[in-house]
Structure formats: C-alpha cells, structure tokens
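**Q** Spelled out, the chains give:
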Amino acid sequence: MKRLFQATIVVLVLEALLMVCRVTFYPQYAPKWFWTSLSFLLAVTAALVFYCTVLRFPHLRRAQDRNKKITLLGSIVFHCGIALLIFAGFYYTLFQYKALFFLTEGQTLIDSPVNHQVLSRGPVQAGDFEELALTLLEVNVDFYDPRLVEHLAARVQLHDLDSGKSRVIDTAMNRPFTFKSRQATIYKFGFAPLLVLRSSEGELLWHGFVNLDLVGGRPDLFEWPLSGELIKVEASLDENLELTLVLSNQTGAAIVVTPGDPPVEFLGIWLEIPDYRYWLGFVVTSTRGTKLVLVGLFVLTIAIITRYLFVLQKDGAGARAGNP
Amino acid sequence: MLLAEKVLLYLTLFTYTLAIGLLFFAIFFKRESLVSVTKKVIITGVILNTATLLVRTVSAGRPPVKGDYENALTAAWFTMVLLLYLGRRWTGLWKANIGVLPVILLTLGWAMQRGQPDLAPLTPAYDNPWLYIHVFFAWFGYASFLVAAILGVVILVRARKPEALLAFGDVRTLDELSHRLVAFGFAMTTVMIASGAIWAKDLYGSYWSWDPVETWSLLSWLVYALYLHLRTMFGWRGAKAAWLAVLSFSTVLISFWGVNFIQDSYHIFQRMF
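Chains as they are written, first to last, in the numbering used here: chain U, 1 to 324; chain R, 1 to 273.
Chain R with its partners taken away, still in its complex shape (with noise of 0.2 Å):
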C-alpha cells in the first residue's frame, strides 16, 4: 500500500468517525444546528474515500475488486455515495449515517485485519468485462438493502416509542423509503446474479453450480421477493415490514462475510501457482 493511500484512508477512517459523534450528539441530544456541520463532515469522508479508491486504482493499474480490503473500501463508498444521493431528497436520510457509518467502519476495520492485498493484477480468473458489471450492480443492491435495513431498525424504534428518533421523519415516508431502497436493490441484486452467471459460463463452463455464495445469493433474491410481494399483495407496511427488511438483510451479509468461512467455492478465486 502506497504511503498516500494509507494516509487518505485513515482520513478517511478519521472523518467517518467524526461523523457518526457528531450525529450522535444531534439526534440524541437535539443539537439540530450539528446537523449542516456533519454533513459537510460525511461530504469530506466520501470525498477523501473517493480518492483513496482512485488512488489504490491508479497504483494496482486496474479497478478495487480483489480481497476483502478492497471489496470493503469499494462497498463504503458505493454505500455513502447512495446515501448523498438519497439525502438531497430526504433530508431525513444523511440521519441514517449514524446506523451506516458504523457498519461501514466495521466492515473496512475487519477488513484492514484480515491484511491488505499487494498491489499484484488481477489473475486470468477476473480476466472478464461481465466482472466489473456483476461487482457494480453487486455494490448498489447490497447499499440499498443496509440503508433500507437500518431505516427498518428506526421504523421498528419508533413503533415502540412513537416519540423517538422523531429527526428522522415521519414513519410513512421512512416506510415507504425502506420498500423503494428495496425494490432498487432487487433489482440491482438481479441484474448482479444475472451478470453472475453469465461470467461463470466463461470461466467454469456452467451458469450455475448451486456454489454456496450463489445460493446465498439466490436466497437473499428469493427473501427480498417475497418482502415485495408481501408488501404489494398482502399490505404489509410499517413494523412487519421493517422486521422483513432487517432480517432479509441477514442473508446479504452471509453472502458478503460468509464467503471467508467457506473453503470450497468457486468465488474463491485462489492463486494459480
């Protein structure tokens, strides 16, 4: 890792914590006028995450996709450039950092333990343009689903006590927010599963192998079918569908995580010699 790098992610590391104290302070104790600051604060953390990101791709000669540290870096950014999006809708969401960020540091902490690959190029194995579009679509739907899995948490907090959390907004927009966060990220997850196999047709000769990341995967889809369904068929809609939301989320981090736990898998792409 570059010195450059490294001194960008700790910036990086540094603002996003910073962020999530300085929401800690304007959601629980009311400092309202914290809010505008930490925004300009998570805006400077995906700004300096950006150039981490660009920095590393510069120096490897090819995009961030190899190993956990560089999956981390790229599925914080994917997940905070989403949020800044979102947020100049609903104001209420650049609130939904605090949930977020600590995920995001968690994620890039364990990350950065498990050690960070050297920038080697990628093997003949990633050798394939269906690669670049599976990861992209890959880190939009799984953003989606942690930013509708935490506004399900809020929706969940509020059904208890009506009178908490009120900076987020009101219930009906966060609700309706979590099922389109949802529905965007099915249909992100399709386009990544669909992508998916066709690079498998390449690289093992079969679209699917029933692999266990691609059953997760599958599974993750089939749960995330079955919350749309029961919100557009049966009217499911505020804590039932926020306990969905949160618990579908599950799946998605088994197919992240669960991937390291697994030693014979074709998404363990090992080195060749």
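Only chain U is shown next, with the shape it has when bound in the complex (with noise of 0.2 Å):
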C-alpha cells in the first residue's frame, strides 16, 4: 500500500514539475511531447488514484466508529470524483470540437466548419453539422462610459433547413445557447462599419461591413478592399458615445471619419461611412463529455461535504479518522 502511495506521489511531482513547465516556458504553446507526458501523467493517476479507493473498501467494512465510516466513505468518493474526472476530461479533449464564429448584426450563416475558425476538433463528428443556419437578429451594448461596457446581449435566430422550423433565443456574454450537439458563447464584440467607396465620377466601387477589433482601445489592420493594401484603424468614442474612426496607410496619409459624414477621400477614392453596426465573435464548442465533466465536479462536491465539512465540524475527528 505504502509503494502504491509513493508512486502516486512520485507522478504527482512529476505532474506539477510539468505543470510549472508550462507556466514558465510555454504559456501560450507547448511542443507534443509535453501534452503526450502530461496526458500520460494523468491517465497514470486517473489509475492510481482509481486503485487506491478500491484498496480502502475493505477499512470501510471493518470500521466500527460511524464518523469514521462517514470521513471514509467521504474520501472514497472524493477519490472516485477525482478518477472520474480525470477521465470525463480526456473524453471531452478527444471528442472536442472548437471554433471560433463571427456573425455581423443582420448576417445570417450556415454553421458549418467551412464558416468557423476551427482551433481543435476531436476524431468522431458524425451527425454534428446538420444544415443549420444561424442570423444575429440584434446586438444590445450599454456602455458605462466610452470605454467600458455594463452590458451585452444579443438575439440570434437559429433556422433549421431541414425541418424549416425557426428559434429566436436571447443570450448574452456568459449565457451561452445550446443547438443540435453544440454551445455558442459571446467572447467579443466589435464594430462593424459600412465602408461605401465611390470614384470620383461618383460610381459604387465597393460596400460593406468591415469588423474592428478594437478590444482595450488598441487599433486594429483591415485589407483596404480595392488594393489589399493594410490600412490601421483606431476608434474612440466620445462623451455622448458618438463614434470616430482614425484611418491611416503605411505612407502616413490618414482621414478622421465619423460615421453618418459626408464622403472624405482618402487614396484617391470617396469614402463614406454611413452607419455601423456590432458584430459578435462566438466560441462554438462540442457538449460532448459535459455531463460527464458536471457528474466529476458534483460527486467531488459531495465528497467534500461529507468527508470535510461535515465530520471537521462534527467533533474535530475527521482530520486522523481518514487514515486508514
């Protein structure tokens, strides 16, 4: 049993060397070989700590004493919670789907891989993109001040193209919605203005939204639609939230546009913007494995509750009754 301990103990340490090793010299990456270790650590406790909890059934039986029956029990399943979320997370990393999603007010697009930034996607995805059409109906910001925002929600109607049937569903930052096998929650939000350029004959070149990230006031590039070329963009809003863009090419030449203006020109071309909208960024992730993550993290709670709380307050005895 002690062995069993001291090897349980020799992969924790390894595990948090690794763990300091990330913090340190990987905060944003990491090469394979650390996930493979990591994994590996962790499924190595996932079984040790399965195992130990067996070992203890048989102290569960012999004891006599009711709270050390309950500090055991209590500890048998803060062990077991442990194990088996361990094991409810690598389920949910393998069948992960994970994408980023941009919809601008009024837009309407098919959910589908073709249209998500896709950051990690398990092996198995059968059945998970049915045709699904997705329309960001409204955004609602309310801004404290020019530079903090109290409020954001939004109203998005998802279109079943299969059965034809419609949903309108409110969500908002930290109240994500639900479709088919999938969660979409609210991670940002920008401006999106109507860029109209007309030569100086007055025709139509180009329209349409352009989306800003201009998160924490920094500027944000585009790609000018009619050459490519990067154009920075810097976006403050004033005193009665009227907003004001600063545009501005690598050769210096720069233009302060307020939506609703009449057309500047700006590299030889009539630039108008006649209003803007909001556009959102959604995280689309998979609900594969999540009750199983929810079942982990109420069985440790439980746990705790028994084999802490309620022997520790009881008469104090909990701390030495769970040796067993």
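Hints are supplied without guarantee of correctness; some may be wrong.
Subject to a maximum C-alpha distance of 30 Å in a straight line, what follows is the list of computed DSS-like cross-link-like pairs (lysine-lysine) [unchecked claim]: (1) R:K161 to R:K30; (2) R:K66 to U:K188; (3) U:K2 to R:K240; (4) R:K30 to R:K240; (5) U:K69 to R:K40; (6) U:K291 to U:K32; (7) R:K6 to R:K40.
Label pairs and their computed distance ranges (CB to CB) [stated by the list, open to error]: (8) U:I302 to R:R62: 25 to 35 Å; (9) R:L54 to U:Q157: 36 to 46 Å; (10) R:R160 to U:K2: 28 to 38 Å.
The set of hints was computed from the structure by calculation and includes no laboratory data.
The beta-carbon is built from N, C-alpha and C at its ideal position, and this holds for glycine as well.
Reconstruct the complex from the two isolated chains, following the hints.
**A** Shown next, in the form of structure tokens:
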C-alpha cells in the first residue's frame, strides 16, 4: 500500500514539475512531447487514484465508528470523483470541437466548419453539422462610459434548414446557448462600420461591413477592399458615445471619419461611412462529455461535504479518522 | 472612492497596525495583560474592515470583487473573520495575528499603491453567479492556507528554540490546527477550482484552458494534496509538515499575485472597448 502511495506521489510531483514548465516556458504554446507526457501522467494518476480507492473498501467495511465510516466513505467518493473527472477530461478533449464563429448584425451564416475558425477538432464528428443557419438579429450594448461596456446581449435566430423550423434565442456574454450538440458563447464584440467607396465620378466601387477588433482601445488593421493595402484603424467614443474612426495607411495618409458624415477623399477614392453595426465573436464547442464533467464535479462537492465539512464540524475527528 | 470609505479604510489600517504593536509587546516582552486589549483592537479592526467593505459594496452597487484593491480588502476581511472564529476556540491563535496582520497590511498597501478602481459596474465577463461562489471559496481557502503557513513558521521556530513563542500554545495543538486548516483550505480550493471551471465553460466555452493562473491554482491544490497524503499516509508531523505548509503557501502567493505579471491570461478581464 505504501509503495502505491509512493508511486502516486512521484507521479504527482512529476505532474507538478510539468505544470511549472508549462507556466514558465510555454505559456502560449507547448510542444507535443509536453502534452503527451502530461496526458500519460494524468492517465497514470487516474489509474493509481482509482486503485488506491478500491483498496480502501475493506477499511470501510471494518470501520466500527460512525464518524470514521463517514470520513472514509467521503474520502472514497472524493477520490472516485477525481478519477472520474480525469476520465471525463480525456473524453471531453478527445471529442472536443472548438471553433470561433463571427457574425455581424443582420448577417446569416450556415453553421459549418467551413464558416468556422476551427481551433481543435476531435476524431469523431458524425452528424454534428446538420443544416442550420444562424442569424444575428440584434446586438444590445450598454456603455457605462466610453471605455467600459456594462451589458452585452444579443438575439440570435436559429433556422433548421431540414425541418424549416426557426427559433429566436436571447443570449449574452456568460449566457451561452445550445443547439444540436453544440454550445455557443459570446466572447468578443466589435464595431462593423459600413464602408461605401465611390470613384470621383460617383460610381459605386465597393460597399460592405468591415469587422474591427478594437478591444482595449487598441488599433486594428484591415485590408483595403480595392488594393489589399493594410489600413490601420483607431476608434474612440466621445462622451455622447459617438464613434469616430481614424484611418491611416503606411505612407502616412490619414483621415478622421464619423459615421453619418459626408464622403471624404482617402487614397484617391471617396469614402463614406453611413452607418455602423456590431459584430460578435462566438466560441462554438461540442457539448459531448460535458455531463460527465459535471457529474465528476458534483461527486467531488458531495464528497467534500461528507469528508471534510460534516465530520470536521461534528467533532474534529475527521483529520485522523481518514487514515486507513 | 467615497470619503466615508477612505476614512474607514485608514481607520482599519491604523487599527491593524496598532494591533501588531500591541501583540509585539505582548509576545516578545511577555505582557500577557496586553492580549485582552489586543483582542478588542482586532475586533474593532474587523468591524471597521466590514464597514469599509459595506460602504464599497453599497456605493459600487455590486460585491467588491474587481481589481487588486477590492480583492485585497475582501481577502483581509475573510482572513480576519476566519481568525476571529478560530480564536474563540483556540485562544493561542489570537497571537498568530502577529504574522497574519503584516501580510494583510502589505497586501492592502500594495493594492492601494496600484490604485483604487473607480466605482464602475462589473463588465459582462463578470456577469455570472459562479463568480461569487468562485471568489467566496477562494478567499476562505487562501485565508486558511495563510494561517496554516503562519502556524508552520511558529512550529519551525519552536523546533529550533523550544523556549521561544510559548504564548502560542503547545506544538502538538499548533500542528493539528495547521493540519485542519490545510484540510479545510483544500476543500475550499477544490470547490473554487470546480466553480471556476463551470464559470469558464459559460465564458470561454471550455472548462479548462491550461491558463497560467489555472495551472498555478491546480499546482497549489496538488501541493496541498501532497501535504495531506504525506501527513495521513506517511505520518509527517511537526517540523517536516510545517516546512511543507510554509513552502506550499508560495504557490498560493503566485496564484494570487502572479496574475499581475502575466500578460496573457484569461483571468485578466480587460475593458472591452
């Protein structure tokens, strides 16, 4: 038994060292060997924890004292919860689908990996992507002051292309919505000014929304629709929450545009921004394995109440009673 | 910051500083008569700390969970309330304030120097009930680990000089108390991590992202799990366990303060525009 605990401790120490490695050397990225080692160690931990838990059952049967029985039971449930949680984590990661999905107010897109910026994708995704269209009906943003958003909510319409049925969903940051076997949560928002480009003769050359990511007051870049040249945009809201955009290119040409203003000349073209809308960034994830994770967390919580809080509060014997 | 809050805050700081001075004389010059006065001063300090938190909560219209200043103020309150509760049963624990109060004052001073955030509302990223569960359990967990580490220091001093710091009580009681605090803190931290994971699923779409703050929290959880197992399975007691309690607290410090030195963390809820 002691050997088994020694092995568990060695594995835990190795895991801790790997984690230090992670936060010290690979905060953004970690090589494959790192994830392989960590996954291996976590699997060994789950197996050892589960085996150690099984070994405690005879002690539970032998225990005479009620408090000791409760403490042991709590301890067993707690360790089962950890093993279950590690297993749930593997299952969740194995079948994980994670992608970013961007929608501008009024825009409709088919929910499919083609329209997603896929971040990770598990091996089995059969039947995940049936024909479904998402429309961002409206975005409600309340500003506390020009630099602070107080409330962010949106109304999304889901249209099932197979059945022809539609439903409207109210969502917000921290209030994800689910559809099919996926969950979508708002993680980002930005301004989408409507750019109208005309020649000096008044001929319409291009028009469309440009999604700008101006989080934290940082500038953003976008490709000039006619030439592909990179244009820097800085945005600010004044006290009346009126939006002003400053556009500049690499040669230093710059203009200040306010939505609704008359056209201004920029790079030999007449530019007008009649209006702007909001765009939202959604994180789309698979819901596979989420119930298993929640069960694991629930089991842990129940175990804590039994193992620590109940017995420790009753007579303070819990600290020692857990030792088989 | 409202004037009332400012006055209450400085009164809290003054009272806590006074308590340190009184405890210093009580412990090192063996003036036991000062202990009862110190208790009253500390209780006054906690009342003032509570009043500061209440004024902040009412004026901001939300619980004080945003930014370094509010977190330090709340952390101080949780730690002191825990110590007051425990001090009723284990009288020697009153003297642990000599170690706890300087940490609280340093944390508050550091947070105040970084500037008090305005009374702005919480951003949409915070708009989740799991936030309060996460923060509540985090403070109780961290407060328990802090007190356990201070007791660990006392045990280590006593291991080298058995005649020193006798006012804290006998080493066995301190050792058992330190163990119970770690066990309690471990339970609290487990709930903190679990509730944080559930909140993260709502906010970022995944339970776990191996974010540096998450990783450090898991690391400190693992280290304290190690403490509990070494104690219960391998019989670590006294100085050995105390060393572990003190060293383990360094992981908590990194989880708490480390976030300020990490630029890319999900735990930095930037303003959105």
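**Q** Hint by hint, note whether the structure agrees.
**A** Now for the hints, and whether the structure bears them out:
1. The straight-line distance between the Cα atoms of K161 (chain R) and K30 (chain R) is roughly 16 Å, inside the 30 Å bound, and the hint therefore holds.
2. For the suggested pair K66 (chain R) and K188 (chain U), the alpha carbons sit about 20 Å apart, so the restraint of at most 30 Å is met.
3. For the hint linking K2 (chain U) to K240 (chain R), the alpha-carbon distance of about 19 Å falls within 30 Å, and the restraint holds.
4. For a cut-off of 30 Å, the pair hint linking K30 (chain R) to K240 (chain R) stands: about 28 Å separates their Cα positions.
5. Of the supplied pair hints, the one linking K69 (chain U) and K40 (chain R) is violated, its CA atoms being roughly 42 Å apart against a limit of 30 Å.
6. The straight-line distance between the Cα atoms of K291 (chain U) and K32 (chain U) is roughly 28 Å, inside the 30 Å bound, and the hint therefore holds.
7. Simply put, K6 (chain R) and K40 (chain R) have alpha-carbon atoms about 22 Å apart, close enough for the 30 Å limit, and the pair holds.
8. The supplied range of 25 to 35 Å is met by I302 (chain U) and R62 (chain R), whose beta-carbon atoms lie about 31 Å from each other.
9. For the pair L54 (chain R) and Q157 (chain U), the supplied restraint of 36 to 46 Å holds, since their beta-carbon distance comes to about 44 Å.
10. Look at R160 (chain R) against K2 (chain U): about 30 Å separates their beta carbons, and that is inside 28 to 38 Å.
Comparing the model with each numbered hint stated earlier shows that hint 5 is the single one that does not hold.
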